[in-house]
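Residue strings, one per chain:
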Amino acid sequence: MGNVNIAIVTPCTITFLGLKSLLCDLPSVSAGHIADASSLADGFDLYVVDAALCLSHIDFFLPRRSKTLVISAEPLSESSFAFVCTKWDVERIGECLIDFVDAQRSAAAPQSELSQREIEVLTLVASGKINKEIADALQISINTVLTHRKNISAKLGIKSVSGLSVYAMMNGYLLRS
Amino acid sequence: MIVTKDTKLHDVVIAEPAVIAVLSRFGITLGIGDNTVRHICLERGINDTFFVAVLNAFINRDYAGCDAFAACKPLAADFLKRTADYYSRFLIPNVEQHFNLLIRRNTAVNSNLELMHNFFGEVKSDIAATVCAVGDRPTPCCAVEEKLGDLISMFVIHLSGNYDVNLCQAVLFAIIGLKKDISLYNRICSSLG
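Protein chains in written order, with our numbering: chain A, 1 to 177; chain C, 1001 to 1193.
Please keep in mind that the hints were generated in silico from the structure rather than gathered at the bench.
Be a bit skeptical, because a hint or two may be false.
Stated by the list, open to error - As a list, the in silico DSS-like pairs of lysine-lysine whose alpha-carbon atoms are at most 27 Å apart: (1) A:Lys150 with C:Lys1179; (2) C:Lys1124 with C:Lys1179; (3) A:Lys159 with C:Lys1073; (4) A:Lys150 with C:Lys1005; (5) A:Lys159 with C:Lys1124.
Every value quoted in this text rests on a predicted model; they were computed, and no experiment measured them.
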């Protein structure tokens, strides 16, 4: 994935402008506004969508949940969607958006090497941390952790935690015991 | 290939040599002659329906006839017991023997091989704790299959440093054979419920 084209689906222009200013700080990212969800269509790489609109157009977003980030007032801990919480500070929202775009870029380029964030996740997985602990340590959602783990396994061909630990030791990401 | 009762058994072995490890659990060794599956099973008192299902499930990962195992439950349970015994007596020592030789022959420093050998040690313990320890109640051991897949990836994708190429290939082939066998074991277990 070269340039990442993101649809910000929200009726709120201020929300769109805020997210756009954060997203367009990232390299090779462009963002468009969809205020009326009835005009939703394919053609975007990623969707950042208002929670209510996501719910009312669940038939569209559910099959695209790996490409969707939900804007929510509260953390969506039980949801299968990645989310960004409007109560978070700017720095954390920015981190979340970076992770979301980074995870999707990695998924679209499975042959490339691990990204810096994936190495951080790998190191935490290899040291025995569970998904919740990794999410807390890196200040990202559990869904984003799962996306990173999926991408790491796809790139390395290694799925088990102990296999990932061996790989981390082989490559100096983790001290050999 | 799809094996039927009228398939010549030697054709199966030539097309899929790894099947030799499965045949030995039915008491069939090399020098099998020119006979069909039906004939060989009749001669040796083997249930040919079960035998064909085992061979097909081993050769084809997506074989749809695994319900035959549930229909031959006592035979399947007995086969699984012999399989567990075969792992501890032949397949695991085979990997171990080649792995040890590979590490001993390795004059250059390659601690990745040591790490991978330790990882195989973990897989071995898992097999001992699941496949070889369950007795009359065999259960699938998907974690073992996954870890063997990881080990294969480590050899194929991530191996670095200096090593004896021939021995390394021998270890890899032994691990691939073990993984394929564990996959058969898991599918038979799953179909027994």
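Taking the hints in turn, this is what the structure says about them:
A C-alpha spacing of about 22 Å is found between A:Lys150 and C:Lys1179, which places the hinted pair at or below 27 Å, so the restraint holds. Distance check on the hinted pair: C:Lys1124 and C:Lys1179 sit about 12 Å apart at the alpha-carbon level, within 27 Å; holds. With a C-alpha separation of about 32 Å, the suggested pairing of A:Lys159 with C:Lys1073 is violated against the 27 Å cut-off. Among the hinted pairs, A:Lys150 with C:Lys1005 is inconsistent with the structure: their alpha-carbon atoms are about 43 Å apart, more than 27 Å.
Distance hint between A:Lys159 and C:Lys1124 is fulfilled; the C-alpha atoms sit about 18 Å from each other, no more than 27 Å.
Of the numbered hints given earlier, the model fails hints 3 and 4; all others are met.
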